[in-house]
Every structure is written in C-alpha cells, then in structure tokens.
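Enquirer: Sequence:
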Amino acid sequence: MNGEGNIQLNGNLDKVFSSLLDPEVLKNCIMGCKELYKQETNVYVADLSVGVAAVKGKYDATIRLTDLEPPHSYKLIVHGEGAPGFVDAEAAIHLVSVDDENTELRYTYEAAVGGKVASIGQRMLGGVAKLIIKDFFKKIKRELDKVNIAD
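Each residue of the sequence shown is one higher than the last, beginning at 130 in the numbering used here.
For the record, the hints were derived by calculation from the structure and aren't laboratory data.
All C-beta atoms, glycine included, are put in the ideal place defined by N, C-alpha and C.
Take the hints with a grain of salt, since some may be wrong.
[Said to hold, decoys possible] Straight-line Cα separation of at most 30 Å, DSS-like style, residue types lysine-lysine; simulated pairs: (1) Lys204 <-> Lys267; (2) Lys167 <-> Lys185; (3) Lys268 <-> Lys163; (4) Lys259 <-> Lys275; (5) Lys268 <-> Lys144; (6) Lys270 <-> Lys187; (7) Lys259 <-> Lys156; (8) Lys267 <-> Lys156; (9) Lys275 <-> Lys245; (10) Lys268 <-> Lys167; (11) Lys163 <-> Lys185; (12) Lys270 <-> Lys185; (13) Lys144 <-> Lys259; (14) Lys267 <-> Lys163; (15) Lys245 <-> Lys185; (16) Lys163 <-> Lys270; (17) Lys144 <-> Lys245; (18) Lys275 <-> Lys204.
[What the hints assert, rightly or not] The calculated label-pair distances, taken between Cβ atoms and stated as ranges, are: (19) Gly255 <-> Val174: 20 to 28 Å; (20) Ala221 <-> Asp143: 14 to 22 Å; (21) Ile206 <-> Leu260: 31 to 39 Å; (22) Asp274 <-> Met253: 30 to 38 Å; (23) Glu230 <-> His208: 30 to 38 Å; (24) Asp228 <-> His208: 24 to 32 Å; (25) Val225 <-> Asn157: 22 to 30 Å; (26) Pro199 <-> Ile136: 32 to 40 Å; (27) Asp196 <-> Tyr166: 18 to 26 Å; (28) Met253 <-> Leu150: 28 to 36 Å; (29) Val174 <-> Ala241: 19 to 27 Å; (30) Gly255 <-> Ile136: 16 to 24 Å; (31) Ser178 <-> Lys259: 15 to 23 Å.
All chains, please: the whole structure from these sequences, using the hints.
Expert: Printed below as a string of structure tokens:
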C-alpha cells in the first residue's frame, strides 16, 4: 500500500517541525496510542490499541525518526506487531513554508502488513491505512492549533 497527501498547518516551519518530533504530540496524534516512551534519540516504543475494522487489536510498535533535515524533512519508520499481525510502514515528511505563520506538510507513505490482518484484502487495507493516516494529520493540525492559541 502506498499513498501521498498534503495538509496546511498553522505555524512556521520551526514550530511545525519541533511539534512533529514532540513525543507528547506524537502520542496524542497516533490512533489508539496508549503509551509512548522514548527508547533512545529519535526512537520511540508505543503501545497501540487500534479499533478500526480488520486491524483491530493491540500492537507493540517501534517508531524511528530518520534522515532528519530540520526544519524541512524527515522519515518516520514504524514497525508494529500484535495478535492481528504486523505492519511495517515508512513515511517521508516534507515541510514547505507558505508564509511566516503557515506551513504545508507533504507526505508520501508505503506500508506492508502480514499475518491475519493481511487476509482481508488490499482494497480494504488501503482504505484503513488512509483513514489512520488522515486521522494522524488531522490531529497534528489540531495540536498545532492548540499551541498557537496558547502563544
């Protein structure tokens, strides 16, 4: 599965980039994230409980942030395992300044699944993947809006 998209966010490049690396923001934005721990620099361990269609279940996930080029881009690599199966995903995040107060976030992603969850078919999995990704970025936008209100 793969895809791409973009979203306009309130905040300058630096604010958006730092928010995307903030463990608390990540925890609040990853669907079903119950806990998120920093394991080492740019590596996090998460306990996820996803309640969407055939991927429903608990997962232990490792999230790695790589190829960081602050404040413009990075890669997000996720490996999760649980009773429903496993997921491996990689997203490339690119930030472009729109003006002093707004940033466009562009993303591409690839994901692969295995185990029981893979038996439901690529079409349904593609829809679920899009739902989870759009939910993540919608929550990122909400988090940045909260930060901007507080400023």
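Enquirer: A separate judgement is required for each hint: does it hold in the structure or not?
Expert: Status of each hint after checking the structure:
1. Lys204 <-> Lys267: 19 Å, holds
2. Lys167 <-> Lys185: Roughly 25 Å separates the two Cα atoms, so the pair holds.
3. Lys268 <-> Lys163: Measuring from Cα to Cα gives roughly 15 Å; hence the hint holds.
4. Lys259 <-> Lys275: Holds, at roughly 24 Å.
5. Lys268 <-> Lys144: With a Cα-Cα distance of about 16 Å, the restraint between lysine 268 and lysine 144 holds, given a limit of 30 Å.
6. Lys270 <-> Lys187: 26 Å, holds
7. Lys259 <-> Lys156: 19 Å, holds
8. Lys267 <-> Lys156: With Cα atoms ~14 Å apart, lysine 267 and lysine 156 stay inside 30 Å; holds.
9. Lys275 <-> Lys245: 38 Å, violated
10. Lys268 <-> Lys167: 20 Å, holds
11. Lys163 <-> Lys185: 14 Å, holds
12. Lys270 <-> Lys185: 25 Å, holds
13. Lys144 <-> Lys259: 26 Å, holds
14. Lys267 <-> Lys163: Roughly 18 Å separates the two Cα atoms, so the pair holds.
15. Lys245 <-> Lys185: 11 Å, holds
16. Lys163 <-> Lys270: Measuring from Cα to Cα gives roughly 20 Å; hence the hint holds.
17. Lys144 <-> Lys245: 40 Å, violated
18. Lys275 <-> Lys204: Satisfied, since the Cα-Cα distance of roughly 25 Å is no more than 30 Å.
19. Gly255 <-> Val174: 20 to 28 Å: With a Cβ separation near 27 Å, glycine 255 and valine 174 satisfy 20 to 28 Å, so the hint holds.
20. Ala221 <-> Asp143: 14 to 22 Å: 20 Å, holds
21. Ile206 <-> Leu260: 31 to 39 Å: With Cβ atoms ~20 Å apart, the hint is violated.
22. Asp274 <-> Met253: 30 to 38 Å: 32 Å, holds
23. Glu230 <-> His208: 30 to 38 Å: Cβ of glutamate 230 to Cβ of histidine 208: about 36 Å, so the range 30 to 38 Å holds.
24. Asp228 <-> His208: 24 to 32 Å: 37 Å, violated
25. Val225 <-> Asn157: 22 to 30 Å: Since the Cβ atoms of valine 225 and asparagine 157 sit about 24 Å apart, the hinted range of 22 to 30 Å holds.
26. Pro199 <-> Ile136: 32 to 40 Å: 19 Å, violated
27. Asp196 <-> Tyr166: 18 to 26 Å: Distance hint for aspartate 196, tyrosine 166 holds at roughly 22 Å.
28. Met253 <-> Leu150: 28 to 36 Å: 32 Å, holds
29. Val174 <-> Ala241: 19 to 27 Å: 20 Å, holds
30. Gly255 <-> Ile136: 16 to 24 Å: 19 Å, holds
31. Ser178 <-> Lys259: 15 to 23 Å: 20 Å, holds
Consistency note: the structure conflicts with the earlier hints numbered 9, 17, 21, 24, 26.
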